[in-house]
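Participant: Residue-level listing of the chains:
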Amino acid sequence: MARRATPEVNAGSMADIAFLLLIFFLVTTTIEKDSGIGRQLPPKEPPTDEQVKIKEKNLFIVNVNREDQLLVEQNLMDLKDLRQAAIEFLDNGGAPAGSPEYCDYCKGSRNPESSDNPDKAVISVQNDRLTSYKMYIAVQNELVAAYNYLRDRESQRLYGWKFTEMTKNLNEGKIKGEVAKEQLQEKLQTIQKLFPQKLSEAEPKKSGS
Amino acid sequence: MSKFRKKKSNELPPVSTASLPDIVFMLLFFFMVVTVLRDDNLLVQNKLPKADQVEKLKKDRSVYIYAGKPSARYQESFGTEAKIQIGDKYTDISNIKFALTEARQKLRPELQDKVMVALKVDEETNTGMVTDIKQELRDLNMLKIIYITTPGNELD
Numbered sequence: 001m002a003r004r005a006t007p008e009v010n011a012g013s014m015a016d017i018a019f020l021l022l023i024f025f026l027v028t029t030t031i032e033k034d035s036g037i038g039r040q041l042p043p044k045e046p047p048t049d050e051q052v053k054i055k056e057k058n059l060f061i062v063n064v065n066r067e068d069q070l071l072v073e074q075n076l077m078d079l080k081d082l083r084q085a086a087i088e089f090l091d092n093g094g095a096p097a098g099s100p101e102y103c104d105y106c107k108g109s110r111n112p113e114s115s116d117n118p119d120k121a122v123i124s125v126q127n128d129r130l131t132s133y134k135m136y137i138a139v140q141n142e143l144v145a146a147y148n149y150l151r152d153r154e155s156q157r158l159y160g161w162k163f164t165e166m167t168k169n170l171n172e173g174k175i176k177g178e179v180a181k182e183q184l185q186e187k188l189q190t191i192q193k194l195f196p197q198k199l200s201e202a203e204p205k206k207s208g209s
Numbered sequence: 001m002s003k004f005r006k007k008k009s010n011e012l013p014p015v016s017t018a019s020l021p022d023i024v025f026m027l028l029f030f031f032m033v034v035t036v037l038r039d040d041n042l043l044v045q046n047k048l049p050k051a052d053q054v055e056k057l058k059k060d061r062s063v064y065i066y067a068g069k070p071s072a073r074y075q076e077s078f079g080t081e082a083k084i085q086i087g088d089k090y091t092d093i094s095n096i097k098f099a100l101t102e103a104r105q106k107l108r109p110e111l112q113d114k115v116m117v118a119l120k121v122d123e124e125t126n127t128g129m130v131t132d133i134k135q136e137l138r139d140l141n142m143l144k145i146i147y148i149t150t151p152g153n154e155l156d
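In order, the protein sequence lines correspond to chains A and B.
For the first sequence, the UniProt record's numbering begins at 1 and goes up steadily by one.
For the second sequence, the UniProt record's numbering begins at 1 and goes up steadily by one.
Relax, there's no trap hidden among the hints.
Cross-link-like lysine to aspartate or glutamate pairs, in silico, EDC-like; alpha carbons within 20 Å at most: (1) B:K144 to A:E45; (2) A:K55 to A:E201; (3) A:K168 to B:D52; (4) A:K120 to A:E73; (5) B:K56 to A:D152; (6) A:K33 to B:D122; (7) B:K50 to A:E67; (8) B:K114 to B:E136; (9) B:K114 to B:E102; (10) B:K144 to B:E55; (11) A:K33 to A:E165; (12) B:K144 to A:D34; (13) A:K44 to B:D113; (14) A:K44 to B:E136; (15) A:K174 to B:E55; (16) A:K33 to B:D52; (17) B:K58 to A:E172; (18) A:K107 to A:D152; (19) A:K168 to B:D60; (20) B:K47 to A:D34; (21) B:K47 to A:D68; (22) B:K144 to A:E203; (23) A:K187 to B:E55; (24) B:K114 to A:D34; (25) B:K59 to A:D34; (26) A:K120 to A:E101; (27) B:K89 to B:D122; (28) A:K193 to A:D152; (29) B:K59 to A:E172; (30) A:K162 to B:E55; (31) A:K44 to B:D139; (32) B:K134 to A:E201; (33) A:K198 to A:D119.
No lab work stands behind these hints: they were computed from the structure.
Let's have the full structure, built from the sequences with the hints guiding it.
Facilitator: Shown next, in the form of structure tokens:
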């Protein structure tokens, strides 16, 4: 009566319970990795009478109509040619040698009829309200790709490391140490200054107009 | 000689399953940690467009906006016009501001002014709707947006 050995709890079913839970979590898990095209919207400012003048030649107009057709600089174009056209426009460097606008890292055709330098060059996208979102993203993707191509090229030349890879490594936290991070940030900013992303979006036109 | 032979039995020793629960528990903890239970119930069709020039979304500081045609089972009651969904319900364009402010308050306080709006829009939607949303976002001064896409390229 005094002492009875406590019977051991049977732990044999522990595995079953754990399996049950495991299967539940396996089924409900969605390892979501969302990625996409980032954009900074222009802040709302009170309307001013001052008009910013952009020269016609520094403007690259991409027009998308309701049928998802592309009109680039008044010419019909296929989506697959857009990237190359944008690269040529941005990399043109049409300002004459010696002038303050001269672009010494541009490798384009230096056509005086096209953009002066990448800093001046603006890409303007005009959509119709009935343009499909799919097309809109495809156009944005191609234009970002053009910028990334040029940035990669300059980054490779200056630092021997591609711009997109630098950004990726930084974002994934592969760069250790504050100093290294700051140095890399600086490099990124230098490249961004060489090819600033100037993508403007016009207010979409009402369909039919 | 017989001294050695005696030790060996002809049967294979059974594999010990004593460590099985440990292994299973390890897996269990892994999945428990990485699991994100879906917090939003999708009410709209959501086939995302493809893109390859992408950046990763920082989940802790983002607010989701879904848009697209209502899912098949809601089409009877809500029609086939594209709709906006924030959180668990449909939202009208005029009501976006309120819904977004509410969604922002659910984020961690120190990240609330670094908020990023993730737009998950169906590829069949018209751009006009996205533009309307962007106008509202500008009014709210939530300027950092990201168009969520799936990997791939529209050209392929």
